[in-house]
Each structure stands twice: as structure tokens, then as C-alpha cells.
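Residue numbers (our numbering): 1 to 48.
Mixed in with the good hints there might be a few duds.
What the hints assert, rightly or not - 25 Å max Cα-Cα, derived PhoX-like pairs, lysine-lysine: (1) K46 <-> K20; (2) K20 <-> K6; (3) K6 <-> K46.
Stated by the list, open to error - Ranges of calculated distance between the beta carbons of each label pair, as one might list FRET restraints: (4) S40 <-> G11: 23 to 33 Å; (5) E47 <-> A13: 10 to 20 Å; (6) A48 <-> A12: 26 to 36 Å; (7) A12 <-> E47: 26 to 36 Å; (8) A24 <-> A48: 10 to 20 Å.
Just so you know, the hints here were simulated from the structure itself, not pulled from any lab data.
Remember, it's a predicted structure, so these values are computed and weren't measured experimentally.
The beta carbon of each residue, even a glycine, is placed where N, CA and C say it ideally should be.
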Amino acid sequence: MRERFKVLVGGAAIDGAWAKEIGADGFAEDMREAAEVALSLLAERKEA
């Protein structure tokens, strides 16, 4: 299932180190950045 879905985490309670530790595909500090990261992840998937 992991190959079908991307995991994006973030917010005030989470940092980039923890996101890497849990194997998240992306991390964002706020909602604006989350949208940018999500679009980037979708673009990567489309190219593959």
C-alpha cells in the first residue's frame, strides 16, 4: 500500500528530523508549505 500513497506530515508539533525518522515522504511547517510539498510529490509521481 505504501507505494500507492504518499505520507506528508507537519505542523508545530513535528519537525523535519522526526518526519525522516518515521519515513514520511514530505514535511511542511505550515499549510502553505504543505500545498507546495504535495504538488511536488504529485509531480514526482507523474514523472515516474
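Here is what the structure says about each hint:
1. K46 <-> K20: Holds. K46 to K20 sits at ~23 Å (cutoff 25 Å).
2. K20 <-> K6: Given that 25 Å is the threshold and the Cα spacing comes to 13 Å, the pair holds.
3. K6 <-> K46: Holds - the C-alpha atoms of K46 and K6 are around 13 Å apart, at most 25 Å.
4. S40 <-> G11: 23 to 33 Å: Cβ of S40 to Cβ of G11: about 18 Å, so the range 23 to 33 Å is violated.
5. E47 <-> A13: 10 to 20 Å: violated, 32 Å
6. A48 <-> A12: 26 to 36 Å: Taking Cβ atoms as reference, A48 and A12 lie about 32 Å apart, which means the hint holds.
7. A12 <-> E47: 26 to 36 Å: holds, 32 Å
8. A24 <-> A48: 10 to 20 Å: holds, 18 Å
Violated hints, listed in ascending order, are 4 and 5; each of the other numbered hints is respected by the structure.
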